[in-house]
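J.: So the chains spell out like this:
2 protein chains.
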Amino acid sequence: MDEFTLITELVKHLGSRAQGRWVQLGPGDDAAVIQATPGYDLVASIDTLLGDVHFPVEARPFDIGYRGMMVSLSDLAAMGAEPRYVLAALTLPEADVHWVTQLAQGMAEAAADCDTYLCGGNLTRGPLSMTVSVHGQLPAGEGVLRSGAQVGDHIYVSGPLGGAAACVRREDWWYTHELSPIQRCFFRPVARFDLVHQLRRCARAAIDISDGLLADLAHICDASQVAARIDSAHIPLVEGAGLEDALSGGDDYQLLCTTAADLADWTCIGEIAAGEGIWLDNQRVTAQGYNHFGAIA
Amino acid sequence: MDEFTLITELVKHLGSRAQGRWVQLGPGDDAAVIQATPGYDLVASIDTLLGDVHFPVEARPFDIGYRGMMVSLSDLAAMGAEPRYVLAALTLPEADVHWVTQLAQGMAEAAADCDTYLCGGNLTRGPLSMTVSVHGQLPAGEGVLRSGAQVGDHIYVSGPLGGAAACVRREDWWYTHELSPIQRCFFRPVARFDLVHQLRRCARAAIDISDGLLADLAHICDASQVAARIDSAHIPLVEGAGLEDALSGGDDYQLLCTTAADLADWTCIGEIAAGEGIWLDNQRVTAQGYNHFGAIA
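Chains as they are written, first to last, in my numbering: chain H, 1 to 297; chain Z, 1 to 297.
Hints in this document: simulated from the structure, not taken from any laboratory. Heads up, the beta-carbon is just placed ideally off N, CA and C, and yes, glycines get one too. Hints should not be assumed to be uniformly reliable.
[To be verified] Label pairs and their computed distance ranges (CB to CB):
{"hint": "1", "chain 1": "Z", "residue 1": "S16", "chain 2": "H", "residue 2": "P93", "range": "23 to 29 Å"}
{"hint": "2", "chain 1": "Z", "residue 1": "S16", "chain 2": "H", "residue 2": "E178", "range": "49 to 55 Å"}
{"hint": "3", "chain 1": "Z", "residue 1": "E276", "chain 2": "H", "residue 2": "P93", "range": "33 to 39 Å"}
{"hint": "4", "chain 1": "H", "residue 1": "G277", "chain 2": "Z", "residue 2": "D172", "range": "50 to 56 Å"}
{"hint": "5", "chain 1": "Z", "residue 1": "D113", "chain 2": "H", "residue 2": "T37", "range": "27 to 33 Å"}
{"hint": "6", "chain 1": "Z", "residue 1": "D52", "chain 2": "H", "residue 2": "Q225", "range": "28 to 34 Å"}
{"hint": "7", "chain 1": "H", "residue 1": "Y175", "chain 2": "Z", "residue 2": "A140", "range": "45 to 51 Å"}
{"hint": "8", "chain 1": "H", "residue 1": "H197", "chain 2": "Z", "residue 2": "R169", "range": "52 to 58 Å"}
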C-alpha cells in the first residue's frame with residue numbers, strides 16, 4: 001500500500017463528494033478548480049485537529065472524519081457564509097487502508113450534510129493529525145464579524161450547550177453500537193448552516209462556540225469593545241451537562257450572536273453593555289477556554 | 001506566552017501581507033473574507049511539510065517559512081493560476097516567540113514575492129509541521145491540467161534541475177551567513193508565476209516538478225494516456241547537481257509542460273509519444289519520486 005494507492009482509495013470513498021456542480025475538477029491534479037459565484041465574497045478558514053489533543057485516537061475513524069469536517073466548517077457558518085469546498089491534509093502514522101476508508105466516509109457524510117465538497121488534499125506519514133481548510137461564500141459585504149456588537153444588543157445562542165464538554169470530562173469515548181446523546185454532541189457536531197440567512201439578515205456580531213461560551217463571548221466583546229451581561233439561569237444546557245461544561249468546555253459548535261431583533265428558535269442569555277468584561281449573574285468572570293500554549297511561562 | 005499572544009506576534013510580523021486589496025478581512029475573526037474576480041475560476045491546493053521529513057528542523061525558521069509557502073504556491077503556478085490567498089496551520093512543539101517571528105517573516109517574504117496574502121491560520125501545540133492551503137484564480141475554463149498532453153508535443157522544463165536534491169543528498173544544511181547556490185535551490189524555491197500567462201496560452205499539460213522529473217512526467221503521461229521520450233543530454237542541471245538528482249530528486253519546483261508551440265526561455269527535453277511509460281535515451285525507466293508510504297507492505 002503506497003501513498004498514491006492510499007489516496008486513490010480515499011478519493012474513491014469520497015464518491016460524489018470529491019467533485020460536482022461548482023467543483024469542476026476534484027482530486028488528482030496539482031490543484032482543484034472551483035467556480036466562483038458573481039457578486040459573492042469568499043470566506044476561508046483552517047483548523048488542525050491532533051490525535052489525543054482534539055480527539056481520542058481510539059475513536060472510530062468515521063467519527064474523527066465527520067467531526068473534523070464539521071468543526072472546521074462551523075467557522076464558515078459563524079460568518080454567515082455557505083460552504084463551497086474543503087481541502088484536507090492528513091498525517092497518518094501508518095497506511096491502514098481500512099482506517100482511512102472509514103475516515104473518508106465520515107468526511108464525505110459531513111460534506112453531504114453541509115452540501116459541500118472535499119475536492120483536494122494531502123497525505124503524509126507522521127503523528128496523527130487532520131488539517132481542514134474550509135471555503136465558503138456570501139453576498140459581497142454581508143459577512144457577520146465578531147466586531148459588530150452594539151450596546152443594548154440581545155445575546156443569543158442557537159442551541160443547548162455543554163454536551164461535548166461533558167463527554168470530554170467523563171472521557172466517555174466507548175460505545176459498541178449507537179452513540180449516546182452526550183457522545184453525539186462531541187462526535188457529531190452540526191455546523192449551523194441552517195441559520196446563516198437569518199444571521200446575515202439580523203445579527204450584528206457572531207461566533208461559533210468552540211472554546212466555550214465565556215471565551216467565545218469574550219472574543220466578541222474584545223473585538224466590539226463592549227461588555228456582556230449574561231444570566232446563568234437562561235443558558236440552555238444539554239441533558240447531562242453542567243453549567244461549567246457550557247461556560248468553559250467548548251466543542252459545542254452552536255452559534256452565538258448579538259442582535260437588536262427578536263430571534264425565534266434561539267435562546268436569549270443576556271445583553272451587550274457598555275464597558276468591558278463578561279458579567280455572569282452580576283459577577284465579573286474570566287474566560288477559560290482551551291489555550292494550546294497556556295501552560296508555558 | 002499563550003496561544004493568542006503568539007498568534008498576535010505572528011500576525012504582526014506578517015505585516016501588510018495579512019490583509020489588503022482583495023483580502024478584505026485578514027486574521028482575527030472566525031474566517032477571512034476575500035473578493036472573487038468576476039469571470040475567474042478558483043484554484044485550490046494544500047500541502048503539509050513535516051519537520052525532519054520535508055525540511056531539517058535545525059534550519060532557520062525564516063527559510064522553513066519561505067520554502068513552505070513557495071512549495072505550496074507552486075501548485076497554483078502549475079495550473080496556470082495567479083495566487084490570491086493562503087491559509088497556514090502551524091503545529092509547534094513549544095511557544096518560542098523568536099522562532100515564530102522569524103518563520104512569519106519568511107512566510108511574509110514569500111507572500112510578497114508572489115504578490116499574495118497569508119490571511120488566516122491556526123496554531124496548535126505538537127510535533128513541528130506546517131500545512132499551507134493555497135488559493136488562486138484563472139480565467140474561467142483556462143486551467144492547465146495534467147491530462148492534456150498530446151502525441152507529438154514537445155516536453156519543456158522551465159529551468160535547471162537537481163539543485164535541491166543535491167542539497168538534500170549532501171545534507172548541506174549548515175550556513176553561517178549567505179546561502180550557497182545549492183542551498184538556495186532547496187530553501188528558496190520560486191513558484192514560477194512569471195510563466196502562467198504563457199502556460200495558459202500555449203501549454204496542453206503542465207505540472208510542477210516536486211517529486212522529481214521522472215515521477216512528475218509520469219503523472220502527466222498517466223493522466224494523458226501517452227508516453228514520453230526524453231534525452232538526458234538535454235536536461236538542464238544546476239551546477240553541482242548530477243543527472244540522478246534531476247531525475248529522481250524532486251524539490252525543484254520548476255515547471256514542466258507539453259506544447260506544440262516553441263517556447264523561448266524554456267528547455268526542450270523530449271517529446272510526447274504514443275503508448276505508455278517514460279523512455280530516457282531510448283530505455284524505459286521507472287519513476288522513483290518520494291512516496292510517503294512506500295516502505296509499507
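J.: Next, verify each hint and record whether it holds.
T.: Structure-based check of all given hints:
1. Z:S16 - H:P93: 23 to 29 Å: Once the Cβ atoms are compared, 39 Å apart, the range 23 to 29 Å for P93 of chain H and S16 of chain Z is violated.
2. Z:S16 - H:E178: 49 to 55 Å: holds, 52 Å
3. Z:E276 - H:P93: 33 to 39 Å: Holds, since E276 of chain Z and P93 of chain H (Cβ atoms, about 34 Å apart) stay within the stated range.
4. H:G277 - Z:D172: 50 to 56 Å: holds, 54 Å
5. Z:D113 - H:T37: 27 to 33 Å: At roughly 30 Å between Cβ atoms, T37 of chain H and D113 of chain Z fall inside 27 to 33 Å, so the hint holds.
6. Z:D52 - H:Q225: 28 to 34 Å: violated, 44 Å
7. H:Y175 - Z:A140: 45 to 51 Å: holds, 47 Å
8. H:H197 - Z:R169: 52 to 58 Å: holds, 57 Å
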